[in-house]
Amino acid sequence: MEPFARLTAVAAPMDLPNIDTDRIIPARFLRRPRESGFGPLLFHDVRFGADGGERADFVLNRPAYREARILVTAENFGCGSSREMAVWALLDHGIRVVIGPSFGDIFVENCFKNGALAIVVPGETAAGLRDALAARPGTSLTVDLEAQTIAGAGAPPIRFEVDAFRKHGLLTGRDELALTLEQLPAIEAFEARRRVEMPWLG
Amino acid sequence: MSRTMFEKIWSRHVVAKGPGGQSLLYVDRHLLHEGSTHAFGRLERKGHAVRRPEACVATADHYVPTAPGPIADPEVRGMVADLERHTGRLGITFFGRGEPRQGIVHVIGPEQGVTQPGILLVCGDSHTATHGAFGALAFGVGSTEVEHVLATQCLWQRKPLVMRITVTGARPFGVMAKDVILSIIARIGAGGGVGYALEYAGPAIRGMSMDERMTVCNMSIEAGARAGMVAPDETTFAYLEGRPSAPRGDMWGRALAHWRTLPSDPDAIFNREITLDAALIAPTVTWGTSPQDALPITERVPDPAAVGDPARRASMERALAYMGLTAGAPLAGTAVSRVFIGSCTNSRLEDLRAAAGIARGRRAAVPAWVVPGSGAVKRAAEAEGLDRVFTDAGFEWREPGCSMCVGMNGDTAAAGERVASTSNRNFEGRQGRGARTHLMSPAMAAAAAVTGRLTDVRTLA
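Protein sequences appear in the order of chains S and L. The first sequence runs contiguously to residue 223 in our numbering. The second sequence runs contiguously to residue 467 in our numbering.
Quick caveat, the hints were computed from the structure, so don't treat them as lab data. We put the beta carbon where it would ideally sit given N, CA and C, even for glycine. Possibly wrong hints are sitting among the right ones.
Okay, the calculated bits of chain S under chain L, using three or more residues with CB under 8 Å as the criterion [said to hold, decoys possible]:
(1) 69 to 80
(2) 154 to 166
(3) 180 to 188
(4) 194 to 207
Generate coordinates for the entire structure from the input sequences, incorporating the hints supplied.
If you want it as structure tokens, here you go:
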């Protein structure tokens with residue numbers, strides 16, 4: 022996993038609440054291998070018309086937002102299906118950070134496991150950021166994970182919370198599997214206890 | 007100290023604690039499907055072993071066609087073959103196509119007795135909350151987490167809050183479990199359960215069968231909650247006893263004693279409490295592109311102009327444009343193009359009985375599919391003659407699988423088609439690009455099939 026510490030990049034606003042992972046990547050593309058690249062499939066059916074051409078009204082197709090690497094969203098972004106390809110599509114398109122008032126719980130897990138940063142901020146803060154980005158298309162934000170701040174858009178830096186476990190994972194790009202395998206003695210002890218207490222589970 | 011059922015199960019599964027409030031949890035059972043092949047592939051490349059193959063059960067459901075005969079799509083054939091190869095080399099139980107126990111992963115787990123009270127169960131699918139109907143802690147995980155569980159039998163998680171949703175009273179005639187959960191989602195919103203595990207309680211839940219409880223828990227994720235659960239009771243135990251993977255003999259007694267300790271203590275504190283009266287719930291349909299957009303069939307399409315919040319108004323306008331609906335028009339009477347009865351929400355025997363009850367002696371006015379949730383459901387339905395009821399009424403009786411719920415296996419609707427569907431998601435494009443989905447109960451879907459319109463099932467019964 023590629024570590025993440027700090028990013029200064031164009032941020033794009035997405036105002037609709039409840040953008041589900043089916044919209045982020047339609048189901049018919051999920052069978053593709055990881056290596057094939059999911060960037061061109063991001064938001065496919067709202068980003069491209071039925072003829073395959075770009076829809077000029079879709080935010081990421083507008084000239085000012087084409088280089089966006091940060092999304093500022095509304096409530097419950099990434100709800101629905103557990104498909105990890107939603108995060109792969111965001112990353113492959115270049116988006117490393119999503120900022121919003123709430124996210125689908127599984128989507129958030131998938132972000133952190135893949136080196137993407139999901140930042141929860143209060144609803145008014147997210148709305149303020151979206152308004153600022155819409156007023157000045159192409160505005161950059163700086164997201165600093167170490168300092169836990171979002172700066173730019175002419176406002177004072179916004180401090181955000183992130184749990185220490187996830188923060189450390191992103192900063193170091195650690196292999197979580199290797200970390201867990203260090204806990205093997207604890208896992209074995211748990212299994213031994215479980216065999217005694219709940220033998221019917223095998 | 008008083009504890010919730012969630013707390014009892016969670017604390018029993020903590021292997022180790024990490025920083026930031028994260029816990030390493032032990033996973034008792036892991037269900038897998040074709041979508042898990044990415045994880046198997048990565049594991050193989052890294053040379054990791056599977057820690058407990060005997061704790062895993064795999065099936066083919068998401069991608070398999072539900073038309074009879076061999077798998078025509080070479081890519082899907084390859085995926086199913088891949089899953090068979092991985093499970094074979096790892097010694098994992100696999101119910102492939104044509105195997106009598108094959109079916110939708112959330113139908114077969116309970117059916118086989120793999121799902122049990124008090125266990126922690128995961129699957130790489132967001133509808134894993136279904137298994138919470140047994141008083142299990144069950145939730146969906148991503149593909150990296152699937153890989154992690156295969157290798158370690160554990161998962162790092164942050165503890166969610168707990169919300170109790172109490173449904174009082176009794177369901178009126180014509181109101182199914184689906185109407186109850188759609189009403190709950192409409193009440194708390196598609197994001198209302200984010201960060202929570204839900205416990206469904208109250209007399210209306212307690213009075214439900216296991217099939218009904220599974221329908222309710224299944225859609226917890228549509229309210230944003232990863233897990234939803236119902237306390238185990240005599241209904242649960244009666245369902246489980248004698249199932250192939252359920253405990254037997256002495257073990258049954260020991261398990262039962264443990265299971266009886268699981269329900270939330272009477273004075274347990276929940277982080278949030280919601281109460282609904284079942285008597286006020288009517289047969290419900292969705293009108294928009296989020297499961298929260300649900301209303302009684304007797305209502306009219308809502309008017310965005312009447313909504314103050316501009317973001318909500320814009321969202322409603324977009325949904326109505328996508329759905330091709332006019333504000334103020336009655337929901338009942340809206341013409342549908344086709345009907346889908348199936349999915350992990352509503353493909354179990356009782357669902358099919360309810361749909362057949364409406365289809366019996368009538369004739370489908372539009373193409374209507376019935377897709378049983380598993381081989382076992384299909385055989386049981388056929389033993390009762392339900393297949394004949396459906397086929398005599400002009401419905402199509404198909405093979406088990408996820409079918410039109412997921413839009414990835416070839417079972418899709420065309421752009422602009424309006425589908426009366428018993429599935430769980432009415433998202434844009436969910437059932438095919440441009441397809442319009444109305445969620446409803448199996449009885450309501452059957453009513454839509456025989457009239458060709460969204461119809462109040464109570465007018466047909």
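Here is how each hint holds up against the structure:
no. : hint       : result
1   : 69 to 80   : violated (count 1)
2   : 154 to 166 : violated (count 0)
3   : 180 to 188 : holds (count 5)
4   : 194 to 207 : holds (count 6)
The structure does not agree with the numbered hints 1, 2 stated previously, though it agrees with the rest.
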